[in-house]
Structure formats: structure tokens, C-alpha cells
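*Asks:* Residue-level listing of the chains:
2 protein chains.
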Amino acid sequence: METLSTTKAHGGTQYVYRHDSTMTATPMTFSVFVPEHEEGAKLPVLWYLSGLTCTHANVTEKGEYRAACAEHGIIFVAPDTSPRGDGVPDDAEGAYDFGLGAGFYVNATEEPWSANYRMRAYIEDELPAQIATHLPVADLTRQSITGHSMGGHGALTIALRNPDRFRSVSAFAPIVSPMNCPWGEKALTGYIGADREAWRPYDACALIADGSRVPEILVDQGEADSFLETQLKPELLREACAEAGIDLTLRMQPGYDHSYYFISSFMAEHVAWHAERLKR
Amino acid sequence: METLSTTKAHGGTQYVYRHDSTMTATPMTFSVFVPEHEEGAKLPVLWYLSGLTCTHANVTEKGEYRAACAEHGIIFVAPDTSPRGDGVPDDAEGAYDFGLGAGFYVNATEEPWSANYRMRAYIEDELPAQIATHLPVADLTRQSITGHSMGGHGALTIALRNPDRFRSVSAFAPIVSPMNCPWGEKALTGYIGADREAWRPYDACALIADGSRVPEILVDQGEADSFLETQLKPELLREACAEAGIDLTLRMQPGYDHSYYFISSFMAEHVAWHAERLKR
Numbered sequence: 081m082e083t084l085s086t087t088k089a090h091g092g093t094q095y096v097y098r099h100d101s102t103m104t105a106t107p108m109t110f111s112v113f114v115p116e117h118e119e120g121a122k123l124p125v126l127w128y129l130s131g132l133t134c135t136h137a138n139v140t141e142k143g144e145y146r147a148a149c150a151e152h153g154i155i156f157v158a159p160d161t162s163p164r165g166d167g168v169p170d171d172a173e174g175a176y177d178f179g180l181g182a183g184f185y186v187n188a189t190e191e192p193w194s195a196n197y198r199m200r201a202y203i204e205d206e207l208p209a210q211i212a213t214h215l216p217v218a219d220l221t222r223q224s225i226t227g228h229s230m231g232g233h234g235a236l237t238i239a240l241r242n243p244d245r246f247r248s249v250s251a252f253a254p255i256v257s258p259m260n261c262p263w264g265e266k267a268l269t270g271y272i273g274a275d276r277e278a279w280r281p282y283d284a285c286a287l288i289a290d291g292s293r294v295p296e297i298l299v300d301q302g303e304a305d306s307f308l309e310t311q312l313k314p315e316l317l318r319e320a321c322a323e324a325g326i327d328l329t330l331r332m333q334p335g336y337d338h339s340y341y342f343i344s345s346f347m348a349e350h351v352a353w354h355a356e357r358l359k360r
Numbered sequence: 081m082e083t084l085s086t087t088k089a090h091g092g093t094q095y096v097y098r099h100d101s102t103m104t105a106t107p108m109t110f111s112v113f114v115p116e117h118e119e120g121a122k123l124p125v126l127w128y129l130s131g132l133t134c135t136h137a138n139v140t141e142k143g144e145y146r147a148a149c150a151e152h153g154i155i156f157v158a159p160d161t162s163p164r165g166d167g168v169p170d171d172a173e174g175a176y177d178f179g180l181g182a183g184f185y186v187n188a189t190e191e192p193w194s195a196n197y198r199m200r201a202y203i204e205d206e207l208p209a210q211i212a213t214h215l216p217v218a219d220l221t222r223q224s225i226t227g228h229s230m231g232g233h234g235a236l237t238i239a240l241r242n243p244d245r246f247r248s249v250s251a252f253a254p255i256v257s258p259m260n261c262p263w264g265e266k267a268l269t270g271y272i273g274a275d276r277e278a279w280r281p282y283d284a285c286a287l288i289a290d291g292s293r294v295p296e297i298l299v300d301q302g303e304a305d306s307f308l309e310t311q312l313k314p315e316l317l318r319e320a321c322a323e324a325g326i327d328l329t330l331r332m333q334p335g336y337d338h339s340y341y342f343i344s345s346f347m348a349e350h351v352a353w354h355a356e357r358l359k360r
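If you're matching them up, the sequences are chains A and B in order.
My numbering applies: residue 81 is where the first sequence begins, and numbers increase by one.
My numbering applies: residue 81 is where the second sequence begins, and numbers increase by one.
Check the hints yourself; a few may be wrong.
Given that identical chains are not distinguished, each listed pair holds provided it fits within a single copy or across any two copies.
To be verified - Calculated cross-link-like contacts (lysine to any residue; reagent style SDA-like; alpha-carbon spacing at most 25 Å):
hint, residue 1, residue 2
1, K266, D327
2, K313, G91
3, K142, E349
4, K142, S292
5, K313, S292
6, K313, H214
7, K122, L330
8, K142, P243
9, K142, N187
10, K359, E116
11, K313, P243
If you are wondering where the hints come from, they were derived from the structure by calculation, not from laboratory data.
Since we're looking at a predicted model, the values are computed, not measured.
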């Protein structure tokens with residue numbers, strides 16, 4: 081694991097690392113904020129999965145999570161959104177919503193994607209193992225997960241598939257049902273193929289319908305988000321959770337859009353919410 | 081005044097405006113954060129002047145000031161660092177420390193700079209007048225000022241020349257004496273000419289030596305800042321303030337560099353410090 085940068089911030093350290101991923105067959109870059117802590121301490125970990133077009137850098141620069149993570153003593157991990165580099169295939173037309181920057185947190189089975197686009201395996205298995213090995217300060221018995229938009233989809237589906245791994249899950253303006261929106265249908269068709277049954281492990285609402293459970297979910301959604309009605313559709317998550325008895329707190333936030341101004345406005349509340357659950 | 085963007089954030093509104101500046105003879109872009117407030121309220125104003133290479137956008141995205149400004153009810157104004165656009169002269173070699181992005185908050189007298197590079201007049205006179213006209217929520221009887229690096233130099237010199245305008249002044253890693261560092265000597269020679277006496281209004285330490293006074297100054301400076309010894313030299317400000325009886329709080333911050341990670345780590349404390357003085 082190569083350290084690309086080490087920067088003091090909010091009393092702790094903001095790291096950026098790169099490592100050669102077996103799952104994606106590429107180098108992968110991610111950031112980790114480690115609050116100030118006593119030697120030998122073990123701190124819980126909050127994962128943040130980013131949205132379309134982002135790398136680790138967007139939330140690291142604009143997410144405003146460090147003050148809250150420093151206050152609550154939480155490590156914040158921000159992975160990239162896709163494999164990158166020479167030889168990694170991209171959308172033929174360079175679309176922002178497929179290929180580079182748009183891995184959708186799936187294990188692709190279709191060609192030419194399956195060799196690199198394995199973000200599910202990367203986030204679920206490989207990166208936690210890397211962190212366990214190289215960051216002994218991280219207490220992987222206490223993990224929570226959140227994310228934005230495509231990354232909110234990632235957080236919800238990964239938490240629903242791995243309820244024992246995460247103490248809590250939240251999301252900012254998540255894609256709650258990729259099977260029922262243009263972004264998701266394009267991505268899942270491309271990466272997984274035309275068989276919609278094979279998409280269900282990558283759809284939070286379908287996972288819940290099929291029996292996956294988490295005790296509760298916190299979602300913030302801007303009412304002025306231009307993707308609200310066409311792509312995000314939080315009402316589908318509300319219905320799925322109501323049906324399944326999952327305690328969903330869905331906060332519709334008047335006036336907020338889809339940007340980091342929205343994310344950063346509610347980041348401290350999400351960190352505090354996870355902190356409460358990570359410390360139980 | 082043209083509104084380029086209006087984005088809800090931290091309960092308030094982050095604006096970006098553009099207007100045609102008479103002083104710089106160019107369009108100028110700046111950002112303003114206005115916290116949530118009651119109709120008809122008047123809120124105090126904190127000016128933030130940015131450093132070399134920055135536009136209004138850097139601190140707007142990375143400065144982490146909105147939560148604190150929302151808490152304390154303070155408007156935050158972030159201007160650009162130079163005129164820009166077709167016909168605005170730039171450093172012949174495109175250096176980062178002269179010309180575009182490096183206006184140094186002076187009124188240039190040398191050619192070809194004097195037509196556009198009038199950032200002193202822009203910040204001291206024109207932009208406050210624009211804000212008074214177009215943003216009635218701004219209470220310009222209560223102003224404070226801060227800035228980073230070149231913008232710390234701007235904040236200190238503008239406050240020292242206008243002690244009646246500002247309730248308080250602080251800085252992050254400021255250039256405290258442009259007359260005594262390579263960045264400053266290059267800029268002042270280029271914009272003002274070879275006569276060093278003419279530079280004194282643009283040097284915080286020289287202004288203090290020449291009799292300018294503010295009651296107190298807050299400065300944070302990272303000890304791991306790579307520009308500390310060659311360009312920033314906070315000890316010169318310490319000496320000037322000690323000589324003049326100015327109450328300088330100079331906090332040397334171990335491990336911090338010159339980046340926005342440093343600025344954002346202490347932004348909330350600066351906002352709170354100014355808030356206390358703006359509300360007296």
C-alpha cells in the first residue's frame with residue numbers, strides 16, 4: 081500500500097493511499113481520515129461511497145466530514161467509484177453514467193467489463209482486508225456505511241447484503257432502485273446483462289423484497305434535486321421499508337439540490353448518527 | 081450584478097455573483113454565503129481573501145465556513161484574487177505568483193498592469209458598494225476580514241489601512257511582510273515599481289511601523305508549511321506588533337501545512353472569534 085499523501089487536518093491525519101487491487105486488476109486510490117487518538121487505540125470505521133463521476137477526492141475535499149469524525153473518533157474511508165487506468169474499458173461515448181467513474185458497486189459479468197469492474201468484491205472484501213492489514217488503528221468489528229447517489233445505492237445494497245458487518249447504514253440522495261431508473265437500467269444491463277433477475281442483488285428495494293433486512297436506515301434527500309423524480313425515487317424505498325418493517329427515517333430537505341453543498345450540510349448529522357450506533 | 085448560482089447549504093444560501101467592475105475594467109466573480117435569517121434582518125459580514133492561484137471557488141468548496149457562519153449568523157464574502165479575462169495581461173511565463181490569480185491586493189501603477197490590477201480599490205471600495213446596493217441583508221456597519229497567504233497579507237493590510245471599517249482581522253498563514261520575501265518583492269516590483277518606499281502601504285509590518293493600528297490580530301500558522309521560512313515569516317509580524325503594542329495571538333500549529341486542510345481545520349475558530357467581535 082503506497083501512501084500518496086499525508087496531511088494534518090482537524091487534529092488528525094488525512095491520508096490518500098494507492099494499492100494494486102486483485103479484484104479490479106488495477107491500482108486503486110482511496111482516502112482515509114484518522115482522527116487524533118491515543119497510541120494503540122482502535123477506532124470505528126465509516127465507509128463513504130461516492131456518486132457518478134467522483135473519485136475519492138471529491139468528498140475528501142468538499143464533504144466536510146473531518147470535524148465531525150474528529151469529534152466522534154471515527155475513521156472515514158472514501159474509495160474510488162470505478163477501476164481506472166490504461167486498459168480499463170470505458171463507455172464507448174465516454175458517458176458519465178457508465179464505465180469510468182460509474183462502477184455502480186457491482187461485479188460485472190458482461191464483457192469487456194468483467195475483468196476490471198468488480199467494485200462489489202473490491203468494497204466488500206478486498207479493501208476491508210487491506211485496511212485490516214495496513215491500518216491497525218481501524219476497528220473492523222465496528223463499521224458503518226454511507227454514500228451519495230450511486231454511492232448511496234452502493235451503501236444500501238452492501239449493507240443489506242452484509243447486515244452482520246455494519247452497525248448502521250445511511251445515504252444521501254441514494255438511487256434506491258436501479259432496476260427502476262435510467263441510470264440503473266443502463267448500468268445493470270451493461271455490467272450484468274439483460275436478465276433482470278440477476279440485477280436483484282444490486283437493488284436495495286429488491287433486496288428488501290427478497291428478505292434482506294437491516295434494523296434502520298437514515299436517508300436525506302433534497303427536494304430541489306434535479307434527479308429526484310427520474311432517478312432517485314425515495315418513495316420506492318419508503319414502500320419497501322414499510323412493507324418489510326424496516327425503520328426508515330427519510331428526511332426530505334426543502335431547497336437542497338444533488339451537490340456537495342447538500343451532502344456537506346448534513347454530513348455532520350450522519351456522522352453523529354453513525355457514531356451513536358458504533359459506540360453502542 | 082448577475083447571479084451565476086444559488087445553492088442551498090447549511091440552512092442558508094451559497095451565491096456566486098458576477099458584475100462588471102469599473103476598478104478592474106473586467107467582469108469579476110465572487111461568492112457570498114448568507115445564513116438563514118428572518119425577513120428584514122441585517123447580518124454582519126466576514127470577508128475572506130484568497131491566496132495565490134485561487135478564485136472565489138477554492139474556499140467556497142473547501143473552506144468549511146458555512147456551518148460556523150450559519151451558527152453565528154455571519155455573511156461570508158469571497159472575492160477573486162485578480163482580474164481575469166481576454167485582454168488582461170498575465171505574467172510573461174505564466175508564473176503562478178504574478179499576474180492572473182496573483183493580484184496581491186494592490187493598485188498597480190506600472191504598465192501594463194495599472195489598467196486592470198486594481199484589487200485594492202476593488203476590495204476596499206467597489207465590492208463593498210456593490211454589496212451595499214444589491215444585498216440589503218448585509219450590515220456593512222459590522223465587517224471583519226480574514227484571508228490566507230497572499231489573502232492574509234490582503235486582510236492585514238486592508239484592515240490596517242481601514243481600522244474604522246473592520247471590527248476585527250485575522251489571517252491563516254499570511255505573508256506578513258511582502259517587502260521581505262520573494263513572492264512580495266516580485267509582485268511589488270512588478271505592480272508598483274522599484275521604489276520600495278511606495279511598497280509600504282502594502283506591507284503589514286511596514287504599515288504598523290509607520291503608525292497604523294488595530295487593537296488585536298489572530299493568526300494561525302502551520303509549522304509544517306513549506307513556505308513558512310522563505311515567504312511567510314510570522315516572526316516579523318510578532319516583532320512589529322510587540323513594538324507597536326498590538327495584541328497579536330499567533331498560534332503556531334504543529335504538523336499543519338499550507339493547504340485548505342489547514343485552513344478548514346481552523347476556520348470555525350476564526351469565524352467564532354470574529355463573531356464575538358462583530359456582536360459586541
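*Asks:* Does each hint hold? Answer for all of them.
*Replies:* Status of each hint after checking the structure:
1. K266 with D327: Neither, since 30 Å and 62 Å both go past 25 Å.
2. K313 with G91: Classified as between: cross-chain Cα gap 23 Å, same-chain 39 Å, threshold 25 Å.
3. K142 with E349: For K142 and E349, both the intra-copy (16 Å) and inter-copy (19 Å) Cα distances are at most 25 Å.
4. K142 with S292: Answer is neither: 33 Å inside a copy and 38 Å across each miss the 25 Å cutoff.
5. K313 with S292: within (20 Å within a copy, 60 Å between copies)
6. K313 with H214: Close neither inside one copy (39 Å) nor across copies (38 Å); limit 25 Å.
7. K122 with L330: So K122 and L330 fail the 25 Å test inside a copy (31 Å) and across (34 Å) alike.
8. K142 with P243: neither (29 Å within a copy, 34 Å between copies)
9. K142 with N187: Close neither inside one copy (28 Å) nor across copies (33 Å); limit 25 Å.
10. K359 with E116: within (17 Å within a copy, 33 Å between copies)
11. K313 with P243: Within one copy, since 23 Å is at most 25 Å while 54 Å is not.
Comparing the model with each earlier hint shows violations of hints 1, 4, 6, 7, 8, 9; every other hint is respected.
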